[in-house]
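Between the sequences and the hints, there should be enough to build the whole structure, so can you do that?
Residue numbers (our numbering), protein chains in the order written: chain A, 3 to 342; chain B, 7 to 535.
Everything labelled a hint here was simulated from the structure, so no lab data went into it.
Only pairs whose alpha carbons sit at most 27 Å apart, straight line, appear in this in silico DSS-like list of lysine-lysine:
1. B:Lys8 to A:Lys164
2. B:Lys380 to B:Lys298
3. B:Lys159 to B:Lys55
4. B:Lys171 to B:Lys398
5. B:Lys55 to B:Lys126
6. B:Lys8 to A:Lys154
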Amino acid sequence: MPAPVLTLTDRGLYCAAGDFYVDPWRPVDRALVTHGHADHARPGHRHYLCTDACMPVMRHRLGNITGETISYGEMRRIGDAQVSFHPAGHVPGSAQIRVEVAGEVWVVSGDYKTEADGFCETFQPVRCHTFISECTFGLPVFRWQPQAVVAKQINQWWATNKAEGRTSLLTAYSLGKAQRVLHLLDPTIGPILTHAAVENTNAVLRAQGLTLPDTTRITPELDRKAQSGALIVAPPSVLGSTWARRFGPLSTGFASGWMQMRGVRRRRAADRGFVISDHADWPGLLGAIRETGAENLFLTHGYTEIFTRHLREQGYNAHILATEFGGEEADDTPDTGETA
Amino acid sequence: MKGFAALFLAIDQTTRTSVKVAALADYFNAAPDDDKLWTIALFSGRRPKRAVTTTRLRDWAAEVADIPLWLFEDSYSIVGDLAETIALVLPPAHHRSESSLSHWINVLRSISDSNDEVRKTTVLAAWDRLDTTERLVFNKLLTGGFRMGVSQKLMTRALAQATAKPEAELAHRLMGDWSPDTTSFASLIEADDPAADLSRPYPFCLAHGVDDPDSLGPLTDWQAEWKWDGIRAQVIARGGAVHIWSRGEELMTDRFPELARLAVDLPDGTVLDGELVAWDGASPLPFAILQKRITRKTVPKKLLAEAPVILLAYDLLESAGRDLRAAPLHQRRAMLDSLLAAGPQDSPLRPSPLIQSANWDSLRHSRSQARDMKAEGVMIKRLSSPYHVGRKRGDWWKWKLDPLTVDAVMIYAQAGHGRRANLFTDFTFAVWQGNELVPFTKAYSGLTDAEFTKITQWVRRNTLQRFGPVRQVTPHHVFEIAFEGIQESPRHKSGIALRFPRMLRWRQDKTVDQADTLDHLREMLAQYG
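Structure, rendered in structure tokens:
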């Protein structure tokens, strides 16, 4: 077997041939970053490389970092390694990173979703020998409905709330999920208000040409009474807060793949759970893995133990990779089966 | 099924009682009579007979989902609900079905005597015609565990809204020995004079707990009785027959043959409320002895001699066929006393004695002796009160003894179900015997959600070993376990069994070596067992 292209170190995945790291979790000289979520794009690296569409969000979150950008599909040589970035379909600008050393091809998936959402660049399978895949939702109970079905549920909920004189508060992560949800809303129903954390990200994404419906930023000056029938998009942390209570009678919703499980849905302090995720579901993961043609798999992030065992039984050479990626949805993660 | 699945979702999506009741009332206004009748049956604990074992269901679900059985089982232990796990792993259905709830219930009832092949074909065909929520409901009907956050009381309230009939009247109509096979919606709910069912019990009047009865006003307005640790029961003598109902509306007549004579002893049209206890001739025997009686449908002679059961009666609900519930308690009690006084000497009926006290302090003193009386506290009932339907605040109070407690070490943890799936909520506790920790009880309630979340994170990091869904954890955390009684139990390694154990508090101030010993528990057994 050829020498590994990437090895796991205490700083993260390291490529000796190119002397760089992929999504490292401690400061390094050269970091290749799949996407802007905090568990993948950490502060303190000397030099960053990410896609053109990813950099604005990275700068927004990490400040004035030093680095350069790369287009999807563009080949770049770093030391003895050939690297390229390919759409991961997770959030705008997110990428899988392909690393080739002496004819041996490894792909790091980062986080990915296989369904085209009409918003971020659609996932493309990349052929490789070794695939390092996330498996946040690597259990057969996770099967997503088509996005259009969930969009209809959300808009119906909003319209019903409006008819009953309630404001709708839909919570979703500020980067990615919030904008995807905004993209699914029917603005003819009523005004759309945004929490500052969401609106700041909106501004970054609009500036790079992404289309979002018109939104109004919530400020202390905003006349809340004039916003009847509005839908608010905010991060999940506002659920149950005094900030949320000031909008009068509310119906709360939470958009996440974890809402698939009734127990999790009912423990969340939200009235409604909408099953919508920026991660691949069970069929999506299995399909993506098949299409890479990879024989060797490393699984990270989620139900790794169960998923790895299943892949082995399917004939793959599969292993768990103990990374420190937590996932932007990690706080909802039920028992992952890992004791650590 | 679509209407019922929509109702299930509407109820599941809210924690607000008013919204649940409104959704149910809407459903009762719109659904066909057969479906309404089944809905009432399901929410009052009347389920269709289980047609398929869960082992078969797991096999079939794994097969259809094209996953190995272990993967199904692992998924189940994470989801925490079998019906839900099956609904989620199945691939999307190929067909749609407009069939009703009753149709699907009849489908699953039709296969209860079929061979395995027919059952499998039928269940798989059903799964392929139902969407995820409909499947969840169908699977719940199949597996029998039908709980969805709606009590019989809420259902009755919704039915009252939909039918414009008084809630108390409906509660009474829904009592007793009926099933969708023996009645119809019209005769159960709507008929002006429902075919009088001689066995039908009245809804039980229930008490709220009270910590300090001083605020209840002068003691002269009240009557006090012992709160027995037995089985609450209604004894109905009508039409020359006797029927005995538990509070859970289970017909228990055959389990207490010594009470059969009441069909003759009692005047026709008599209904008594009281507590069934095993009796040693002077006072009640421990609950464990009574328990031996209730776990069997028929009672062997030996057990009948060892643990004879009597009814300690405390209320009279019907006399000469007349409903007395609106009469004040003092009047009902007087009638009860003269009825019992007129009965034969060797009757298995006794009045539950009144506790005479000059003031609250003297009652407080009596209460402190409850354990010596084999009671768990004191009941306080307003002398002028009617016999209410269900749990109504104000007239009936239970003033229980403080529970017994012991400090114990958590050694095993298991995830809960339903709302608490994915949280470790079911724990096994141990006490010291020398240098060894001996498990003696399980408990799964008493902590807040925040505490369960915290302990769940700790369990994940401190698992020593796994036995299926059970995790052995580092002995580290001490909990104060409260319980109502303690009994000898040869089936348990510790030799003891507790009644109603729960976690009173998480003693983060205590270390493992400060936990109690098995000897200490044995002393409690000697004193209170």
